[in-house]
Amino acid sequence: AQSVTQLDSHVSVSEGTPVLLRCNYSSSYSPSLFWYVQHPNKGLQLLLKYTSAATLVKGINGFEAEFKKSETSFHLTKPSAHMSDAAEYFCVVGALTGTASKLTFGTGTRLQVTL
Amino acid sequence: DGGITQSPKYLFRKEGQNVTLSCEQNLNHDAMYWYRQDPGQGLRLIYYSQIVNDFQKGDIAEGYSVSREKKESFPLTVTSAQKNPTAFYLCASSIFGMNTEAFFGQGTRLTVV
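Chains as they are written, first to last, in my numbering: chain A, 1 to 115; chain B, 1 to 113.
Just so you know, the hints here were simulated from the structure itself, not pulled from any lab data.
There's no promise every hint is true.
Here are the computed lysine-lysine pairs in the DSS-like style, where the Cα-Cα straight-line distance is at most 30 Å [stated by the list, open to error]:
{"hint": "1", "chain 1": "B", "residue 1": "70", "chain 2": "B", "residue 2": "9"}
{"hint": "2", "chain 1": "A", "residue 1": "49", "chain 2": "A", "residue 2": "68"}
{"hint": "3", "chain 1": "A", "residue 1": "69", "chain 2": "A", "residue 2": "102"}
{"hint": "4", "chain 1": "B", "residue 1": "70", "chain 2": "B", "residue 2": "57"}
{"hint": "5", "chain 1": "B", "residue 1": "57", "chain 2": "A", "residue 2": "42"}
{"hint": "6", "chain 1": "B", "residue 1": "9", "chain 2": "B", "residue 2": "83"}
{"hint": "7", "chain 1": "A", "residue 1": "42", "chain 2": "A", "residue 2": "102"}
{"hint": "8", "chain 1": "B", "residue 1": "14", "chain 2": "A", "residue 2": "68"}
{"hint": "9", "chain 1": "A", "residue 1": "102", "chain 2": "B", "residue 2": "70"}
{"hint": "10", "chain 1": "A", "residue 1": "58", "chain 2": "B", "residue 2": "57"}
{"hint": "11", "chain 1": "A", "residue 1": "49", "chain 2": "B", "residue 2": "9"}
{"hint": "12", "chain 1": "A", "residue 1": "42", "chain 2": "B", "residue 2": "70"}
{"hint": "13", "chain 1": "A", "residue 1": "58", "chain 2": "B", "residue 2": "70"}
{"hint": "14", "chain 1": "B", "residue 1": "71", "chain 2": "A", "residue 2": "49"}
{"hint": "15", "chain 1": "A", "residue 1": "102", "chain 2": "B", "residue 2": "83"}
{"hint": "16", "chain 1": "B", "residue 1": "83", "chain 2": "A", "residue 2": "42"}
{"hint": "17", "chain 1": "B", "residue 1": "71", "chain 2": "A", "residue 2": "42"}
{"hint": "18", "chain 1": "A", "residue 1": "49", "chain 2": "B", "residue 2": "57"}
{"hint": "19", "chain 1": "A", "residue 1": "102", "chain 2": "A", "residue 2": "58"}
{"hint": "20", "chain 1": "A", "residue 1": "69", "chain 2": "B", "residue 2": "71"}
{"hint": "21", "chain 1": "B", "residue 1": "71", "chain 2": "A", "residue 2": "102"}
Computed from a prediction, not measured in an experiment: that's the story for all the values here.
Bound-form chain A, shown alone (with noise of 0.2 Å):
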């Protein structure tokens, strides 16, 4: 079985600031990782992925991610937030079922940007 847990479910944080969000996750194999954001009334982007390849992952809009497994933890993280970052971040973790990716959600984190 696979879960995510994110730890905050609100952060607020000034225009220029960083971000960070946090994420844990549980899986029995090595997991493929992605942060998706929405914006209201809208569907999910993806911001970034793991794939082993490399820890440290670079996503769109300046945003990053660490894999850490000895923690099990993929924070994302901004060193400047911008107002137009203000949305909702989902942590996922996926696992192959057949040919389908299952997605499981973490219940999301809303980003306040004030200026």
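Assemble the complex: chain A is given as a structure, and chain B must be docked to it using the hints.
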């Protein structure tokens, strides 16, 4: 442009009625999925399909039904047996593989009136 199209964007249903949500993809993906999103609960898997004419129940399939007659299409029917259908529904698709991401549509917001 390639992508996933969900329709309608907003849907209102009277209690006791069945409604069907449409999902079409032109990405040539084999796998398709339906998720339900409720505030504070993330996304939960309703059904998924790996190939045409085959589908499996996800974690919350009760009160829902699907079909996969074409590779491009994966409609979801919310039946009257679903006791709390008001939610945001997201369709997704993916190619085969462990590290492949899912691509999402823009969602359908269903409200029971």
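Taking the hints in turn, this is what the structure says about them:
1. B/70 to B/9: 22 Å, holds
2. A/49 to A/68: Since the Cα atoms of residue 49 of chain A and residue 68 of chain A sit roughly 14 Å apart, the hinted pair holds (cutoff 30 Å).
3. A/69 to A/102: 21 Å, holds
4. B/70 to B/57: Measuring from Cα to Cα gives roughly 18 Å; hence the hint holds.
5. B/57 to A/42: 25 Å, holds
6. B/9 to B/83: Distance of about 21 Å is within 30 Å: holds.
7. A/42 to A/102: 21 Å, holds
8. B/14 to A/68: Cα-Cα ~49 Å, so violated.
9. A/102 to B/70: 21 Å, holds
10. A/58 to B/57: 34 Å, violated
11. A/49 to B/9: 28 Å, holds
12. A/42 to B/70: Given that 30 Å is the threshold and the Cα spacing comes to 26 Å, the pair holds.
13. A/58 to B/70: 36 Å, violated
14. B/71 to A/49: Holds: residue 71 of chain B and residue 49 of chain A sit about 26 Å apart, inside 30 Å.
15. A/102 to B/83: Cα-Cα ~25 Å, so holds.
16. B/83 to A/42: 25 Å, holds
17. B/71 to A/42: 24 Å, holds
18. A/49 to B/57: 26 Å, holds
19. A/102 to A/58: Holds, at about 23 Å.
20. A/69 to B/71: 37 Å, violated
21. B/71 to A/102: 18 Å, holds
Of the numbered hints given earlier, the model fails hints 8, 10, 13, 20; all others are met.
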